[in-house]
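Undergrad: Reassemble the complex: the two chains are provided individually, in unrelated frames, and hints are given to aid placement.
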Amino acid sequence: MIKLSNVTKKYGNFVAVDSISMDIKQGELMVILGPSGCGKSTTLRLINKMVTISEGDILVRGKNIVDIDDVELRKSIGYVIQSIGLFPHMSVEKNIATVPTLLNWEKETISKRIDKMLELVGLSPEKYKEKKPAQLSGGEAQRIGVARALAADPDILLMDEPFGAVDPINRLRLQREFRQIQQNLNKTVLFVTHDVEEALLIADRICIMNHGKIIQIGTPEEISINPKNEFVKEFFKGEGILSLLSRKKAIDYVIPRISNESKSANDFNLKEVITLLLTGEADELIFKEGHLTLNEISRALRGEINEFKE
Amino acid sequence: MIKSEDKQIVAVGILSILNFIFLPFIRIKPNRISMGELIGSIELLGLNVIVIILLWAIIIALSFYAKKWRYLLQMLGAIGIGISIIIMIPAQSKEYLSSPSSRISLSSGFYMQLLWIYLVLIIGNKNIKSRRLLKTLINLVPIGIIFYIFSAGLLDDFSIVKEFVSKKNQFFDNLRIHSALTIFSVLTGIIISLPLGFIAYKKRSYENKIMLPLSIIETIPSLSLFGILLVPLSKLGRIGFLNDLGISGIGWAPAYIALTLYTLLPIGRNTLAGFSSVDKGAIEAAKGMGMKPLEILFKIELPLAFPVIFTGIRIAFTQTIGGAVLAGLVGGGGLGTFVFLGLAEASPDLILLGVIPIVILTIGIDILLKISGEAIRSGIYD
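Protein chains in written order, with our numbering: chain C, 8 to 317; chain V, 7 to 388.
In short, the hints are calculated from the structure, not lab data.
For glycine and all other residues, C-beta sits at the position ideal for the given N, C-alpha and C.
Among the clues, some could well be false.
[As the list claims (entries may be wrong)] The calculated lysine to aspartate or glutamate pairs, modelled on EDC-like cross-linking and capped at a C-alpha distance of 16 Å, are:
no.: 1; chain 1: V; residue 1: K298; chain 2: C; residue 2: D76
no.: 2; chain 1: C; residue 1: K139; chain 2: V; residue 2: D285
no.: 3; chain 1: C; residue 1: K194; chain 2: C; residue 2: D211
no.: 4; chain 1: C; residue 1: K82; chain 2: C; residue 2: D160
no.: 5; chain 1: C; residue 1: K119; chain 2: C; residue 2: E147
no.: 6; chain 1: C; residue 1: K240; chain 2: C; residue 2: D202
no.: 7; chain 1: V; residue 1: K298; chain 2: C; residue 2: D211
no.: 8; chain 1: C; residue 1: K136; chain 2: C; residue 2: D77
no.: 9; chain 1: C; residue 1: K114; chain 2: C; residue 2: E100
no.: 10; chain 1: C; residue 1: K136; chain 2: C; residue 2: E147
no.: 11; chain 1: C; residue 1: K134; chain 2: C; residue 2: D122
no.: 12; chain 1: C; residue 1: K101; chain 2: V; residue 2: E301
no.: 13; chain 1: V; residue 1: K208; chain 2: V; residue 2: E351
no.: 14; chain 1: C; residue 1: K194; chain 2: C; residue 2: E35
no.: 15; chain 1: V; residue 1: K298; chain 2: C; residue 2: E79
no.: 16; chain 1: C; residue 1: K82; chain 2: V; residue 2: E290
no.: 17; chain 1: C; residue 1: K82; chain 2: V; residue 2: E301
[To be verified] Every beta carbon over 10 Å from chain V, so not counted as near; a handful from chain C, in silico:
no.: 18; residue: K82
no.: 19; residue: T105
no.: 20; residue: D162
no.: 21; residue: G171
The shape of chain V in the complex, shown without the other chains (with noise of 0.2 Å):
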């Protein structure tokens, strides 16, 4: 034992296997909305129980060995563990399948295996330095194995697979409205607040009276500002044409005004600040050197002020995203539509089905967008 990290393994794989031990590990309900019965590890693994603990038990031995490599040995060890657990699952429930309505839902123990498979994860990460590609690779290869056993139909008896399957359509119409949604959001807050951000950078005076106002829409509560919209846009959607596009009090006219709203600030303060950032004394040297307002706009101030700027987009997407969710508060469909119905409905698998695929949007996107944001950076400064 070397390091703080290895402490940490060992605490990560000990907790691990006492959660894995005696907490209830799934739960199987004969319908959707009954409560089911809890089901510990033991009792439905049997002796494959061995296997796990026993996986951990190395990883807590690798935090011993001074080798370097033990690190990925560990990681490997727990995607294992997880990948095992997923396959071993629907395998061994068949007994207590009942009915074709019958379906497995996930309970505490599982989920605190994921907590400690994600901890060895992140912990191994911060120890391979090398290797982008080897990174790379343990990061995706998991999500491409799971994947595949779901394709392959193993995980149909989990409650959220059912789910899935029954409203395969409305997901993907939603999924779809969501992703609207959010990319007609975000670009309409990006038309209205990165000139509004430019004005109040280059007049000073309106600084205050731009960003003001912007920080007050920020601070009101997301349901507060669908309630103030719902008035006035229903009194719109009684004219003939607007109606006809589908402007009303619900529906997607309060979501998409009130996501845009909230997108204002973040972009339009990053461009400020973006623009603020830009050495003054650069500017005057460009000016003194005879280049007009325009070339030192674009060839200048845009490029210098660009990294700020595009945080702020990245930021505006993250959080719309997540915003959406609301539409479905107000019938304007997007995965919300989910969470709620489930939450009408008391069915928290309903509610992950919704939940889940946003959480997978929102990380995807900020990658997404940092990957891109540094290839432009880069790219600016040569």
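Chain C extracted, bound-state conformation (with noise of 0.2 Å):
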């Protein structure tokens, strides 16, 4: 979908991007993760052409963006930013409709399109649609900056830092939703954080940058249980396949047996249920489909690390 080959950015003799390669398929969430002042964000506003390229072809739906108007395409990528950049003086309804305005769509077509947006992201159209961006809070203001974004119906989504801007609460909830969003509607999507707990737990494959060059990519598994080198290692600060917890399912690991229980292995993730086994005073925790013991997690998990080892 996005093809990045030697890309290369510089500033004078400043490198900010240095050479890079990456390949991002169709509908997958691709995380550029890296500390700050990396190049993560110029990468990103390379494809949109926000910021011109020194040396190095971006393709994007197979053609080489140097072809295609740089308008055009922005109009067809999504565009997220971490002050988010709600128009002020434009209600919400005007904010999401921006670009289908832009692409000339019949009024009825928008009007329908943006109550659906809104729904998308779990904001009521009759309360928000003529609302100002000065009486949003900062999680809804960034509701609306997703919404505006897919508004168009865009295949590919960039997103800079999007939650950045709001309180770790909130945070949370967003990257869940838009998580389940984003696997709904099969959109790929680039997005730049320098979070790990962020990136692990959205991410479909995670890209690490560092002074301007790609360090690794790899599914979060990949680079947890291998890490390339001591810095890769200090950024997921080594807890290696702890962090990768929150992402397992229970409902993956569960034992098949026959239980009257009422809850759902599938609520569950494997975090939870280690806590729960950990804190609680049995020694197995048993869920409608079946049964999980410390043991059989840690069997299973080994397993899994010895499969990557090799």
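TA: Right, here's the structure in full:
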């Protein structure tokens, strides 16, 4: 979907992005992760031509972006930034309608789309349509930012630390909900952040950058279990597989057994299960679908690690 | 007595009564030039002073009542005092006006009354929060009444009115010139400095190069600027077609140019400030979503910058109405003509004939522009 080949960006003598190559597949949520100043935001903005390439090629949907008109390209890609950038003098309605209006959609279509987008991000259309950005909380504003980016139904989304300005409690909700939306709609997303936990929570693949270069690309599992170097290890705080536990669903590890229990393994991840086992009194947790013990979990995880190490 | 406003009104009332009784009230002049004699209120109005003093006493007394509507009554009372005085003065002066050229000039006692009445209106205005209609009425009705009395001819013995009557055509001519000078100077200023301010915003490197000269111009004293313009303009004025237009070292040309130059800073600086105040995130988002530069300018930057720019224009207007007085010094016409004429002939009432309309115009335009600005602002913000 998006292919970068030896892309370099120089500002005078300073190399912001150093010959990076990556291939982002359709429907994938790729997180670009790295410390401040590593070139991740610049990389993002090279793709929608907000920054011009010094060397290398970028292909979007198979076409070299050099051959696509800047404005047309941007209208086909959703863009969400940290400061959100809602237009203060326009209502929520008009904000969301921005790109559809630029694309000359029918008024009726736009109106229905606005309602749909608001519902998508979990806000009631009647309540929020006429509000002004100044009347919104941080979390609400960023939801509208996402709704605005999705309004014209782009298949690609570029997001630059979109949840950075939101408080921690709301941030977790936004991250979970956004992941759900992305998976349901099968959008290709390039997501820039410096927050490791955020990356681990939502990414299909993570691309770690430092000093303008790609250090490692892989699934969260691959990177946690096989970090390429000290830098990557340090960045993930050496937690390795423990940091992945929140991504693993209990239903995938449960040992089937008929039971009368009502709670379902679908609603739990391994981190929560292990916490319950460690703090509870019983040696095993029983679900509708079966049971889990600490021993069984550790055996399964060790098996996985060994697979990776091969 | 509850609030500090009440104490203020009591103080105003007491001072007012004292001023009224002890300060010279009017001055009767047998003709334009002579100093005439000062006459006190008691001598002029006789027993009628009791009416005025009584009204003030009622206003003072109302401060002690804890009712909400006392402010309204106080304001009405103050207006009543003002109108009564204005009607009483010419009525009671008949015996002093010995010849057709005799005239009434106003002295400190009268002006102080105006001040205290005005203070009561301000203090009262603060406290009636409801009903804009009522507020507007209270502010406009006295003006209306005075205008009516004026047109009924009751004020004809006042010297300022005599000056007006004798110079009626000249007055309206100069009023027109003054207004035209103001409007054209500000419009020219807008055409020149709005783009300049915008350029200063777009190219940071130009910001100082543009703003510095404008600031320097602003610091040049007006008369010096006229002096500076004198030589080049008179040279230009010798060229045939320019001469026909009326361009010369004196007249409308230096006035127009100087006034335009003075509007450049407020408009230019506010344009720069207005555009700079636009949220950079909004512009980044607009660009990233696929808006073209012109679309961003008209849909995002201009609407958001407009309130500040409009304020700059409003400042330019109020500044220019006053500044246009100096056109009178160089033969450019306008209300300043009366001001300088009055100075030359030592006739304070002629000066007032120039000054009072300027004050009224300035206040009027300021209010008008403030209201329009608000209307446009709420239109932009929906």
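Undergrad: Regarding the pair K240 (chain C) and D202 (chain C), is the alpha-carbon distance no greater than 16 Å?
TA: holds (15 Å)
Undergrad: Mind checking the alpha carbons of K101 (chain C) and E301 (chain V) for me, to see if they're no more than 16 Å apart?
TA: Measuring from Cα to Cα gives roughly 15 Å; hence the hint holds.
Undergrad: Is it true that the CA of K82 (chain C) sits at most 16 Å from the CA of D160 (chain C)?
TA: With a Cα-Cα distance of about 10 Å, the restraint between K82 (chain C) and D160 (chain C) holds, given a limit of 16 Å.
Undergrad: Decide if the proposed pair is consistent with the structure: K136 (chain C) and D77 (chain C), CA atoms, cutoff 16 Å inclusive.
TA: Violated: K136 (chain C) and D77 (chain C) sit about 30 Å apart, past 16 Å.
Undergrad: Please verify whether K82 (chain C) and E290 (chain V) have alpha carbons no more than 16 Å apart.
TA: holds (14 Å)
Undergrad: Between K194 (chain C) and D211 (chain C), is the straight-line Cα distance small enough, at 16 Å or below?
TA: holds (12 Å)
Undergrad: Does the alpha-carbon distance linking K194 (chain C) and E35 (chain C) stay inside the 16 Å limit?
TA: holds (7 Å)
Undergrad: Assess, step by step, whether the Cα of K298 (chain V) is no farther than 16 Å from the Cα of D76 (chain C), and give holds or violated.
TA: holds (11 Å)
Undergrad: Taking 16 Å as the top limit, are the C-alpha atoms of K82 (chain C) and E301 (chain V) close enough?
TA: With a Cα-Cα distance of about 13 Å, the restraint between K82 (chain C) and E301 (chain V) holds, given a limit of 16 Å.
Undergrad: Please work out if K298 (chain V) and E79 (chain C) have their alpha carbons no farther apart than 16 Å.
TA: Measuring from Cα to Cα gives roughly 10 Å; hence the hint holds.
Undergrad: Far enough from chain V: is every CB of that chain over 10 Å from the CB of D162 (chain C)?
TA: Its Cβ never comes within 10 Å of chain V, the nearest being 15 Å, so this holds.
Undergrad: Within 16 Å, alpha carbon to alpha carbon, are K136 (chain C) and E147 (chain C)?
TA: The hint holds at about 12 Å.
When each numbered hint is compared with the structure, violations occur for hints 5, 7, 8, 13, 18, 19.
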